[in-house]
Amino acid sequence: MAKPVPKKNRTQKKVEKKKPVKLAKPKIIPVKTKKQVVKTIAKSKALKPTKKLQKVETALEKKKPVEKKTKKVTTASEKKIEKKKEPERTFLPPPIKTVEEPKEYKMIRAEINKLRKNHFLPISIIDGIVERAARDKKLEAKLKYIVEKSLEEYAKNLIDPTEACGIIGAQSIGEPGTQMTMRTFHYAGVAEINVTLGLPRLIEIVDARSSPSTPMMNIYLRDEYRVNPDLAKEIANKIEITRLTDVADIEMDLVNITISIKPNKKTMEKKGIAINELLGRVQSVRKLSAKIEKETVKVTLDEPGYKILQNTNETLKNLKIKGIDGIKRVIIRKEPNEGYVIYSEGSNLKEVLDIEGVDPYRTTTNDIHAIARELGIEAARNMIIHEANATLSEQGLNVDMRHIMLVADVMTADGTVRAIGRHGVSGEKSSVLSRAAFEITVNHLLLASQRGESDELNGVAENIIVGQPVNLGTGAIELVMNTRKPKQKGK
Amino acid sequence: MAGRNITKKIGALKFSVLSPTEIRKMSATKVITADTYDDDGFPITMGLMDQRLSVIEPGLRCKTCGLKVGKDKCPGHFGHIDLAMPVIHVGFVKTIRNSLRATCRKCGRILLSDKELEEYRKTIIKNSSEGRDNAYMFKMIISSATKTDACPRCGAISGKIDLDKPTSFRENGKKLTPTEIREWLEKIPDEDLPLLDINVHSARPEWMVLTVLPVPPVTVRPSVTLETGERSEDDLTHKLVDVIRINQRLQENRDAGAPQLIVEDLWELLQYHVTTYLDNQTSGIPPARHRSGRPLKTLAQRLKGKEGRFRSNLSGKRVNFSARTVISPDPNLSINEIGVPAEIARELTIPVRVTTQNLEWCKNLIKQTAQGEKPGDNYRPHVNYVKRYREGVEQRMKVTEKNSDDISEKLELGFIIERQLMDGDIALFNRQPSLHRMSMMAHRVKVMPNRSFRFNLSVCPPYNADFDGDEMNLHVLQGEEAKAEAEILMKVQENLMSPRFGGIIIGGLHDHISGCFLLTYQDKTFSKEKTSEILATFKYKGKFPEIHEENGESVVYGKDIFSVLLPKNLNIEYKAKACFHCEVCKAAECPNGAYVIVKNGKLKQGIVDENSIGAFKGRIVERIIRDHGTTAGRMFIDDVTRLGIAVVTVIGFTTSIDDEDIPTEAKRQIEEGLQKAQNKINTLVAAYEHGELESLPGRSLEETLEMEIMRVTGRARDMAGEIASKYLGLNNSAVIMAKSGARGSMLNLSQMCGCVGQQAVRGERISRGYKYRTLPHFKKGDLGASAKGFVANSYKSGLNPTEYFFHSMGGREGLVDTAVRTSRSGYMQRRLVNALEDLKVESDGTVRHTGGEIIQFRYGEDGVDPTRSTAGKAVDLDRIIYDVKQEE
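Sequence order for the protein chains is A and B.
The first sequence lines up with residues 67 to 557 when you count with this note's numbering.
The second sequence lines up with residues 232 to 1119 when you count with this note's numbering.
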């Protein structure tokens, strides 16, 4: 039997000797918030792939030597980003600020690294020790004991090989589903914006729908934009979609077959639109000409006719004057320790990121596919984790991050966002029987026979179907005791 | 078991399309008669029930292999029907269509140049070697070949192929007969097939046009004999009868040279019957029906769906040695145990091999069978069967009262006795829906009188069980490996920690928590006698807790009684559930006694409540499990629950309607507050009506008004609750339960004695019903509180009719919600499990698909088991540092 998995003796030392193997995906860099880092990578690639990337890595090198693991996943996400042609930007995204650690932190960290002697400890734990030791001077003396104790406990808490972590993860996420609310709308943080929450949202994430039922963005601002309300307002105006009816009264003149647009001064000012700008937008509509007459815009048709007049009136009403497609409404709020943040109903990540003053490192959307398109698969994975976790914890349900990570990793393992279900992960399984047992039984069987597929019976469902022990947990161990001594064979 | 030592392992299953030659080769007989049995009830030769296609009556022998149905297991043999004219196989219509469109009608080659073909071939080979999906490539080949007008090789003009669903094809509007299609498909050379997604070794396109139809063995479609002696045939047999009948007529007509029209009609009819035989839910044609009007269940229907072969029989299997009955609670059992009714224990057996060590014991057991049962006797296990193997043949003897002595004498080494269940046996206990692994845990059997399964109340949360009529299943393990595995991995005590969040899911509940609260609240004391009474309930054997002299009486502090259960080296500090969440926590100096300190296994201060011993939250339980192992944890839970109940029994604890009594003063205050809220709503409504209300950004006026009113009503209810709770102290049982986390919340209480509050449907005030109003009791357009579902009364004071109605509306929404939710979340979980079931942690720490594909390089980024983690953290740093500080 072909065993693709290298069987390694999993003693503690061996694992450690390999040096910290870093995470599931390519260049994930520890310490920093994942979102930030991933975005950084994606962005920097889009601009100047090599140079920027180095910068990021060197910046983080200081914290910890980063083990680089290149995987084929990279090719997929890289390709995606590279083939996209960036329109010329009017500005460059700001460089990331790496926060220098205080000196004493560094010293404690160095001390810990010396004490752990090449034994692996998760960075979060080291960080935890550093922080606590820095806060309480007395602990520094006891550092050796703490590190040793942590190493001991860490080794004890490792997961067992052959554990069916997938099933446990699926159950851990599925089981609390019964306790969740069905209520679709709820207010999240911002009372003014409706967001799908609870079970429907969780199903939406797992389904990898092409667009969420309530798209939403948290747009963070940079530097002076986030402290100055006027600048924030200006950005909000650039983002929120403004239609002609929002800023002007449109009147049809049936006698002269013209349309007059009377801008509402107050709202125009509020939205920061000059009348010429409005005129320009109106003129962009085909088959009409427009000019300004006494603060109103007169529209005359190239080919007069009542029917056309009606149609033009409708198009003008919905004419976009300003803003970004898809963003229906924005709300500016002042957050403590942050300044002004824009929350939007509707989402368009690509265009929002192109607006100057928007912080591209922290701005997020709940549209996972948009993130995968703009920032790459790693960012999408992190967003799945973030969204699923937020949905669950909002309901007061406590689910370990590792389970959610596993689901996110399964969904994004091949470089695209795949749904959990027959159109995604389950439909692409290699086993015929497993697919047939899940959904659309007959078609899978017919197709398999036409293709001459063979089922190697590696998975769970297949082995249950043929009535064999499953290759997980205790079933994965092939250990047989010979109960008879060879002598007594003849008996 | 003995005699069956060789276990064969299935390496792989290969799928392929049956060729006509293969169908004929495997056929036991040609089937030509549409009838099944003759007048004597004997199967007709070359009929559908031919005895060469295996037999179904027990005792009869199959004419092909000579084996019987029962023990010998004749596997059944296929027959075949030679179709007079070829017909299309519905399942392959799409492949046929694509093949026709993509190939030349004259030379059979794909309508692309050699260069293009070579390129596609290369990419496909490359893709499949990299494990990528080729679906897109095939689509490309077919669409580009379809667009080609003339064959690049022979120059033949290709026509437009249309498919009239479900099974007929047209070329440039002219019908293509299956014969023509078959001839066309035959021309496609083998080397082009891989480009059409057909594997040459398993299929040929022309096989998708049927010329021979396999007839499944009789065992697949058994006929049932009704009591009246009438035979009722299987749906498949019915369908096959139709096929043969039409096939015969078609043949006769064609041979007789009947007009083309008639032959074509019959051909079409044959196509219909073969189509419905394969799939009776093909869209575009009416399903074939039974005489009664019920649609027939043909081949595809047998496999499909939840009740189909795959999900119902292959993925789920039925078992022996299982039992199901109603459950009921028994606080005297350990959490590891399960009470099994004697009636069930007598039925379920465990195989025991007779060895030199247990020969006498086994003989005794068999002898006991003779003694029978007398009412009032203690349960003693008997033996139901004795098995032995002679030359690999199993012999099974039933042990009865009469022959038991006899059998007992004859008992030899190597025999296997099937002994009845007895105390200490291990069995799996399960409640559906089995949403997580704790839905099936191993328990130690305790045989008991009466007829329900009984278990400790603390085990309810993992099973999500209650005792309102729930039933549960018991499975008795038969093999030694199974028993050992269940003991090590599945016992209740091994599942105290949940893999979902790294905390306990089994702990004290309800009265256990109330009891411990009363025991440790303030400086509760007990007399020596009461103390002994309490300690005796869990058979305490250690030192008697410290006795103090107070007011001339010797008393024992409740905290000392509780400390008796704690391990001597336990040091822990945390906030109790009863914590007031003060702005600045005074920690050790907490005036409410809500800060728990345990030092060296002694409860120094603090209240023991849900946060100490409760399921999901109990810190002490969790710590004991982590430090002292699962056995200690199990014993602690057993004891602490008994302690809680004992305390509650000794002190006395009850709740009744007078727990919700509040003084008139409080009532007045609440009424006043509600009146204020009422006024505020009226002003809001008035402001709205006069157009003075200012709308929130991005909201309409109506929405703003609703939001404001909702806020006011919400606050009104909170106010009522606050006033009520001010007058309800900790001498109130209901408050004790709410504060300690035993049951209920302060919200429940305030709804009972203060004000029920706003009723909502879909998160909004109730708005639907009559035109412009909710009920005819109100004025049209009334936006006031009571007209939109605000319940100002409390449950105790009673709701007025309109309030009651609104309350029911809210309640109904909840019910509908639950009903919808269970099905939706069930499906989500099924999909999740299906997508993730094949993942496992490998020896090198990576997470891989069983196929070998890597999903994570290190499980959960740190390789830590969530079950062992402390609320998700790999290492419990706080604890390590606390311990360090303690040492000083």
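If you're looking for bench data, these hints aren't it; they were derived computationally from the structure.
Given the structure is predicted, the values throughout are model-derived calculations rather than measurements.
Built from N, CA and C at the ideal position, the CB exists for glycine as well.
Errors might be hidden in some of the hints.
To be verified - The calculated PhoX-like cross-link candidates involving lysine-lysine, where the alpha carbons are at most 25 Å apart (straight line), are:
id	chain 1	residue 1	chain 2	residue 2
1	A	Lys-416	A	Lys-331
2	A	Lys-163	A	Lys-183
3	B	Lys-759	B	Lys-774
4	B	Lys-1104	A	Lys-208
5	B	Lys-1104	A	Lys-210
6	B	Lys-722	A	Lys-222
7	A	Lys-215	B	Lys-722
8	A	Lys-183	A	Lys-172
9	A	Lys-215	A	Lys-180
10	B	Lys-1104	A	Lys-215
11	A	Lys-203	B	Lys-1104
12	A	Lys-204	B	Lys-548
13	A	Lys-331	A	Lys-373
14	A	Lys-180	B	Lys-1116
15	B	Lys-548	B	Lys-722
Claimed, not checked - What follows is a list of derived Cβ distance ranges for each label pair:
id	chain 1	residue 1	chain 2	residue 2	range
16	A	Ile-506	B	His-432	22 to 28 Å
17	B	Lys-629	A	Ala-221	20 to 26 Å
18	A	Gln-245	B	Leu-644	52 to 58 Å
19	B	Arg-999	A	Val-293	28 to 34 Å
20	A	Gln-245	B	Arg-999	26 to 32 Å
21	A	Ile-506	B	Asp-637	58 to 64 Å
22	A	Ala-221	B	Lys-357	22 to 28 Å
23	B	Glu-820	A	Tyr-211	54 to 60 Å
| said: Between the beta carbons of B:Arg-999 and A:Val-293, is the distance compatible with 28 to 34 Å? | reply: At 47 Å between Cβs, range violated.
| query | Keeping to a limit of 25 Å between CA atoms, is the pair of A:Lys-203 and B:Lys-1104 held or broken? | reply | holds, 24 Å
| field | 25 Å Cα cutoff - pair A:Lys-215, A:Lys-180 | value | Measuring from Cα to Cα gives roughly 15 Å; hence the hint holds.
| query | Can the restraint linking A:Lys-204 and B:Lys-548 be considered satisfied, given a maximum Cα separation of 25 Å? | reply | Status violated; Cα separation ~62 Å.
| query | Can the suggested window of 54 to 60 Å be confirmed for the beta-carbon pair B:Glu-820 and A:Tyr-211? | reply | violated, 29 Å
| Are the Cα positions of B:Lys-722 and A:Lys-222 separated by 25 Å at most? | OK: B:Lys-722 and A:Lys-222 at ~21 Å, within 25 Å.
| message | What's the verdict on A:Lys-416 and A:Lys-331, does the C-alpha distance respect the 25 Å limit or exceed it? | response | Judged against 25 Å, a Cα distance of about 31 Å means the pair is violated.
| Proposed proximity, B:Lys-722 with A:Lys-215 (alpha carbon, max 25 Å) | At roughly 30 Å apart (the allowed maximum being 25 Å), B:Lys-722 and A:Lys-215 break the hint.
| task | Below or equal to 25 Å on CA atoms is what counts here, so check A:Lys-183 against A:Lys-172. | result | holds, 17 Å
| request: Would you mind confirming whether the straight-line C-alpha gap from B:Lys-759 to B:Lys-774 stays at or under 25 Å? | output: holds, 13 Å
| query | Are A:Ile-506 and B:His-432 spaced within 22 to 28 Å by their CB atoms? | reply | Given range 22 to 28 Å: holds, Cβ gap about 25 Å.
| Given the hinted pair B:Lys-1104 and A:Lys-208, is their alpha-carbon gap at most 25 Å? | Roughly 21 Å separates the two Cα atoms, so the pair holds.
In terms of the numbered hints stated before, the structure departs from hints 1, 2, 7, 12, 13, 17, 19, 22, 23, listed from lowest to highest.
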